Amino acid sequence: MTDSDEDQADALFHALSDRTRRDILRRVLAGEHSVSALAEKYDMSFAAVQKHVAVLERAGLLVKRRDGRQQMASGDVNAVRSVSAMLADIEQIWRGRISRIDDLLAAPPDDSPR
Amino acid sequence: MNITAHPTTPKDPTMPVTDVQTDTDTNTLTMTAEFTAPVERIWQIYADPRQLERVWGPPEYPATFVEHDLTPGGRSKYYMTSPDGERFGGWWQMQSVDPTSSFTFTDGFADADLNPAEDMPVSTNRYSFKSTATGTRAIYTSTFASAEELQKVLEMGMVEGATATIGQIDALVAA
Numbered sequence: 000m001t002d003s004d005e006d007q008a009d010a011l012f013h014a015l016s017d018r019t020r021r022d023i024l025r026r027v028l029a030g031e032h033s034v035s036a037l038a039e040k041y042d043m044s045f046a047a048v049q050k051h052v053a054v055l056e057r058a059g060l061l062v063k064r065r066d067g068r069q070q071m072a073s074g075d076v077n078a079v080r081s082v083s084a085m086l087a088d089i090e091q092i093w094r095g096r097i098s099r100i101d102d103l104l105a106a107p108p109d110d111s112p113r
Numbered sequence: 000m001n002i003t004a005h006p007t008t009p010k011d012p013t014m015p016v017t018d019v020q021t022d023t024d025t026n027t028l029t030m031t032a033e034f035t036a037p038v039e040r041i042w043q044i045y046a047d048p049r050q051l052e053r054v055w056g057p058p059e060y061p062a063t064f065v066e067h068d069l070t071p072g073g074r075s076k077y078y079m080t081s082p083d084g085e086r087f088g089g090w091w092q093m094q095s096v097d098p099t100s101s102f103t104f105t106d107g108f109a110d111a112d113l114n115p116a117e118d119m120p121v122s123t124n125r126y127s128f129k130s131t132a133t134g135t136r137a138i139y140t141s142t143f144a145s146a147e148e149l150q151k152v153l154e155m156g157m158v159e160g161a162t163a164t165i166g167q168i169d170a171l172v173a174a
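Heads up: the sequence lines are chains U and Y, in that order.
Heads up, the first sequence is in numbering that gives the first Met the number 0, so the first residue is 0 and it goes up one at a time.
Heads up, the second sequence is in numbering that gives the first Met the number 0, so the first residue is 0 and it goes up one at a time.
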């Protein structure tokens with residue numbers, strides 16, 4: 000696994016390590032909820048629920064959109080995770096290119112490949 | 000917006016990547032790298048096909064540019080050769096080219112004759128270079144039209160694949 004995969008796995012497991020967050024995720028996977036509607040379900044402040052939502056969002060488990068003054072949250076595991084995983088693959092290809100540029104810069108000027 | 004950023008302090012000085020941002024809404028990847036060479040030197044790599052082919056494909060899939068014209072409207076044709084000798088063609092179509100500071104181009108797949116393949120994904124790219132106190136900051140941006148195109152790019156054409164590239168980095172780090 001690459002560092003970015005590991006980072007993503009860390010974020011994912013961290014997000015799922017909390018009971019409230021797992022509960023929020025179950026709700027948003029079933030359908031879109033406003034963050035304020037979610038906050039009403041728990042015996043904690045709106046800000047605390049908002050923080051949980053943000054953790055889920057960072058892990059790629061939840062997406063938010065704005066609807067007027069409301070923040071709407073939905074679980075979008077497949078769409079979001081797969082695109083970010085694909086971009087992570089492209090990232091690895093680019094890292095290879097960038098490190099080869101660095102290599103080439105360090106090579107003697109008359110070093111010809113073929 | 001589904002933007003993830005992970006600014007990093009490179010663990011190894013041979014890895015000059017300083018920032019990576021992915022935007023899953025626009026299927027865009029932006030990478031920032033710092034090189035300890037002046038912008039003119041970095042530009043040379045992209046202008047000279049012999050240097051470009053040394054960095055474009057990993058050793059397992061070396062790239063050969065049979066045409067390369069880094070001027071506005073210029074075109075490039077290249078292929079990458081797999082370990083089995085199979086060739087995978089690609090093309091670049093330059094748009095704006097502003098020597099030593101930036102260029103934009105589309106990048107797509109080519110058929111056996113290195114002509115653009117139909118119904119294949121095309122990515123839009125912008126490479127820019129800025130002079131810094133220690134050398135050059137390069138910003139690479141690639142945008143794919145849709146998640147489906149991104150998927151296709153990975154399935155069909157990015158022959159060098161992540162695994163080969165990681166192996167390459169490991170070898171470099173161990174060297």
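Because the hints were derived from the structure by calculation, they are not lab data.
Since the structure is predicted, the reported quantities are computational estimates derived from the model, not experimental observations.
One should not assume that every hint holds.
[To be verified] Chain U is faced by these chain Y residues, among others (derived, beta-carbon under 7 Å):
#1 P15
#2 T21
#3 A36
#4 P37
#5 V38
#6 V65
#7 I138
For every residue, glycine included, the Cβ atom is placed at its ideal position computed from N, Cα and C.
Against the structure, the hints:
For P15 of chain Y, the shortest C-beta to C-beta distance to chain U is roughly 5 Å, which falls under 7 Å, so the interface hint holds. A distance limit of 7 Å between C-beta atoms decides the matter here; for T21 of chain Y the minimum to chain U is near 4 Å, and the interface restraint holds. With 7 Å as the threshold, the beta carbon of A36 of chain Y comes within range of chain U, its nearest partner Cβ sitting at about 5 Å, so the hint holds. For P37 of chain Y, the interface hint is violated, the least distance from its beta-carbon to any beta-carbon of chain U being 10 Å, above 7 Å.
For V38 of chain Y, the interface hint is violated, since its Cβ never comes within 7 Å of a Cβ in chain U; the closest pair sits about 12 Å apart. For V65 of chain Y, the suggested interface contact is broken, since its CB lies about 14 Å from the closest CB of chain U, more than 7 Å. Nearest Cβ of chain U to the Cβ of I138 of chain Y: about 11 Å, over the 7 Å cut. The hint is violated.
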